[in-house]
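A.B. asks: One line per chain: the protein sequences are A and B, in this order.
Heads up: the first sequence begins at 1 in the numbering used here, then just goes up one per residue.
Heads up: the second sequence begins at 1 in the numbering used here, then just goes up one per residue.
Incorrect hints may have been included.
[Stated by the list, open to error] Quick list of in silico lysine to aspartate or glutamate cross-link-like pairs, EDC-like style, CA-CA up to 20 Å:
#  : chain 1 : residue 1 : chain 2 : residue 2
1  : A       : Lys-13    : B       : Asp-96
2  : B       : Lys-26    : B       : Asp-96
3  : A       : Lys-13    : B       : Glu-49
4  : B       : Lys-26    : B       : Glu-92
5  : B       : Lys-26    : B       : Glu-36
6  : B       : Lys-26    : A       : Glu-55
7  : A       : Lys-104   : B       : Glu-58
8  : A       : Lys-27    : A       : Glu-55
9  : A       : Lys-27    : A       : Glu-46
10 : A       : Lys-29    : A       : Asp-52
11 : A       : Lys-13    : B       : Glu-25
12 : A       : Lys-104   : B       : Glu-60
13 : A       : Lys-13    : B       : Asp-48
[To be verified] Residues of chain B clear of chain A, computed beta-carbon distances all greater than 10 Å:
#  : residue
14 : Gly-21
15 : Arg-34
16 : Ser-37
17 : Pro-43
18 : Asp-48
19 : Glu-49
20 : Ile-50
21 : Glu-60
22 : Val-67
23 : Ile-68
24 : Gly-82
25 : Phe-84
26 : Asn-87
27 : Arg-121
28 : Ile-127
29 : Tyr-137
Please keep in mind that the hints were generated in silico from the structure rather than gathered at the bench.
In this text the structure is predicted, and so the values were computed from the model without any measurement.
Idealized CB from N, CA, C, for every residue including glycine.
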Amino acid sequence: MIITTINHVPEMKIVTHFGVVSGSTVKAKHVGNDILAGIKNFFGGEIGSYTDLLESARETAVQRMVSQAEQAGANAIINVRMATSAITSGAAEIYVYGTAVVVK
Amino acid sequence: MLGYIEIIFAVGAIVLTYLTGSFVEKRHFRNLSRRESAARAIPVSINDEILAEHGLAETELVVGSAVIGSDYFKRAFAGLKGLFGGNISAYESLLDRARREAILRMKENARDNCIEIACCRIATSSIRPGMFEAVAYGTAVYQNPRI
């Protein structure tokens, strides 16, 4: 699966268009990490556990988008965009979307 | 009597977190400028086009992200500024750190033979009050090794 943020795949032609495919995940923290994050948020600095959590959530969302595109029969996803939103404190939604296409 | 103790604790926390927060921030900015000068070889563009069209072998989605927390002093300062209006400089530097860190990590996630990162997008969101996430993502373009 070729995934790009540009509106084409270099040196290839778009043959079929399948429309929008997307994947999302909602992830929450477990309490231990949340307390540590609260302490870090008091003194300042990067919240490493949150970075890791959102990174793994993003990977899952991309995988879900890819499996949706595979089901449609696409071999590439172009114009991919990502969005994050906080649902409640300590839980975030990651949304990844793009256009599924067949390229040759 | 209890009121005095609470005030002393609050002032103590503000002074303490001002010191720890500014120490962490200065260290992070030093770290960023050092790594930025090392990673300058990869051009990043916002354009929807690839600059070097010939001789490229493949493209790949690269992502970098960072969650930066504030400190008690910054939040108190921001709350105070919120009453009077104006620039909240304490949060401006926080967002700057998060974005620069995200772009750097995106560059570092690309493989060595990357010639450019095209169509880079940056998104920012607030996870919790005073805690910001920045994501940078783009299309890494790799040169064909045979050419």
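A.B. asks: Check whether the Cα positions of Lys-104(A) and Glu-60(B) lie no farther apart than 20 Å.
C.D. replies: Holds - the C-alpha atoms of Glu-60(B) and Lys-104(A) are around 17 Å apart, at most 20 Å.
A.B. asks: Would the pair Lys-27(A) and Glu-55(A) pass a check requiring their Cα atoms to be no farther apart than 20 Å?
C.D. replies: Holds, at roughly 11 Å.
A.B. asks: Hey, does Pro-43(B) actually stay past 10 Å from chain A on C-beta?
C.D. replies: 15 Å, holds
A.B. asks: Please check whether the beta-carbon of Phe-84(B) is more than 10 Å away from every beta-carbon in chain A.
C.D. replies: 23 Å, holds
A.B. asks: Within 20 Å, alpha carbon to alpha carbon, are Lys-104(A) and Glu-58(B)?
C.D. replies: Cα-Cα ~14 Å, so holds.
A.B. asks: If you draw a straight line from the CA of Lys-13(A) to the CA of Asp-48(B), is it 20 Å or shorter?
C.D. replies: 16 Å, holds
A.B. asks: Val-67(B) clear of chain A by more than 10 Å, beta carbon to beta carbon?
C.D. replies: Check fails; 4 Å does not lie beyond 10 Å.
A.B. asks: Taking C-beta pairs only, is Arg-121(B) more than 10 Å away from all of chain A?
C.D. replies: Nearest chain A Cβ is 6 Å from Arg-121(B), so the label is violated.
A.B. asks: Does the claim that Ser-37(B) lies outside the interface with chain A hold up, using a Cβ gap greater than 10 Å?
C.D. replies: 20 Å, holds
A.B. asks: For Glu-60(B), which was marked as not at the interface, is the minimum beta-carbon distance to chain A over 10 Å?
C.D. replies: Given that some Cβ of chain A is not farther than 10 Å from that of Glu-60(B), nearest at about 7 Å, it is violated.
A.B. asks: Verify the proposed pairing of Lys-26(B) with Glu-92(B), using a straight-line Cα cut of 20 Å.
C.D. replies: 14 Å, holds
A.B. asks: CA of Lys-26(B) to CA of Asp-96(B), is that 20 Å or under?
C.D. replies: 13 Å, holds
Consistency note: the structure conflicts with the earlier hints numbered 1, 6, 11, 14, 18, 19, 20, 21, 22, 23, 27, 28, 29.
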